[in-house]
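S.K.: Could you put together the complete structure from these sequences and hints?
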Amino acid sequence: MRTRRLTSAAPCKRFDHVCGIPELKRHFPDAKTLASPAAAKVLDNPKIMAGFFDQDRQVAYPESQPSGGSARRPSPPQRIAVDRTVKGGDRIGLKSGGDLELIDAPGHSPCGLAAWLEKDRVLFVSDALGFQISEKIIFPVFFHAYRSYIDTIEHLAAYPANVLAFPHGAIRRGQDVKTVFQRSLSAARDVREEIVAETGRGRDAAELKQMLFNRFYQEKLRIYAPENIRLCVDLLVRRSLENR
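Each residue of the sequence shown is one higher than the one before, counting from 38 in our numbering.
You may find that some hints are simply not true.
Straight-line distance between alpha carbons at most 30 angstroms, and here's what the computed BS3-like set of lysine-lysine pairs gives [said to hold, decoys possible]:
| id | residue 1 | residue 2 |
| --- | --- | --- |
| 1 | K124 | K69 |
| 2 | K132 | K173 |
| 3 | K257 | K246 |
| 4 | K215 | K257 |
| 5 | K124 | K78 |
| 6 | K173 | K246 |
| 7 | K78 | K62 |
| 8 | K78 | K132 |
| 9 | K215 | K173 |
| 10 | K84 | K124 |
| 11 | K78 | K173 |
| 12 | K84 | K246 |
| 13 | K132 | K84 |
| 14 | K124 | K215 |
| 15 | K257 | K62 |
| 16 | K69 | K173 |
| 17 | K215 | K62 |
| 18 | K62 | K173 |
| 19 | K257 | K84 |
| 20 | K62 | K84 |
| 21 | K156 | K132 |
| 22 | K215 | K156 |
| 23 | K132 | K69 |
| 24 | K69 | K84 |
These are computed hints drawn from the structure, not numbers from a lab.
M.R.: Pasting the structure below:
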């Protein structure tokens, strides 16, 4: 049985957002890699990157794959080079016209960034609105700070977006935009209130975490190793109980 390694030391970037960069650069060698200063440090850390690519292999090459497939797996890099560091407020000119405005979006991570394309009224929300497991279930992801997570959602909701672009799940348009913001806020608030209330009633922490794991570890979220999601649930409980 394989041992799964998790990377809890790098909260500002998840493997599924960055491990495709080397392959994209191979196909588009002139493309530039942009990252926040904090994310750039993570991408330059061989130990963290080894953990990231280990998790990436678990998703891309599940245990059910025939053993012969392992020979085709590319060797992961120790680092991912960043061509330019960026921050909220920076603007990136596009060849197609218009600017991409970067927006600080903390809460899920300390270095989260969203982006606004005013020309087409498209808002790229990154993980700021949680993981859309299904049409009815959103996994809130305030792994760094609950209050910042809520503030980020409310800030992004003020943009007159016609389109929401997610890193996971479907693109949302028109009336769905407002609905997704409302559901994302409710999902975060409800989970946090439930954790605080159950803890106040003396519920065992391990039992509470198992309940949350069972609720959320389904459908699309099952692409991740269960240990990964257990770590995420542990962070949700810890952040919910901070600064009550």
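S.K.: Could you check the structure against the hints above and give me the numbers of any it violates, in ascending order?
M.R.: The structure breaks hints 2, 11, 13, 16, 17, 18; every other hint is satisfied.
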